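J.: Sequence:
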Amino acid sequence: MNLFRCVCTLFTWVLAPNLLAASCLLTAVKPACWANYTVFINILDAQTQRKLTDITLSTDKLWNRVRFECEPGQRLAYQASFKPAIWQGQEHAIYQAQKFWLLPTNKALPAQTWEIQLCFPTAFAEVPMPPLGNQPCACDFKAIPTVKLKSTE
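Just so you know, the sequence shown maps onto residues 990 to 1142 in my numbering.
Quick caveat, the hints were computed from the structure, so don't treat them as lab data.
Source: prediction; values computed, not measured.
There's no promise every hint is true.
Claimed, not checked - In silico lysine-lysine, DSSO-like type, Cα no more than 27 Å apart, as pairs:
hint: 1; residue 1: K1088; residue 2: K1040
hint: 2; residue 1: K1050; residue 2: K1131
hint: 3; residue 1: K1072; residue 2: K1050
hint: 4; residue 1: K1137; residue 2: K1050
hint: 5; residue 1: K1137; residue 2: K1072
hint: 6; residue 1: K1040; residue 2: K1050
hint: 7; residue 1: K1040; residue 2: K1072
Please model the complete structure; the sequences and the hints are all you need to start from.
T.: The following block contains the structure:
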């Protein structure tokens, strides 16, 4: 009986989480009016506050993409910061997402990938606007190459 318990415990703690794991593909975009700023985004598990991944939109890139492990039904939270600061005293400000992202609850097959698109600053609360100049200030997802995602079909 003890051997059975050991096997069950091993499955529960080591193998089962891997069976439920899926892959998430995050595409983060910033508009041209943010081109002179480096944006840092952290992706967190909303329940545990554990950092799942991060992504940086440097001054030479309006978009970036990162793949990370996620789980069905997981709630994701986002935090963002940027440099240089627009206003004095905001050098270390962190901006929270306006809402959580809830992943589908269906059980993922090992090859399943979920795509998440995130626009900075519109997905975040209380982000100050940079001096606009003549730059458009809307995220353009059409300019980003598409990725063929693996599915459960």
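J.: So which of the earlier hints does this model not fit?
T.: Hint 5 is the one this structure does not satisfy, whereas the remaining hints hold.
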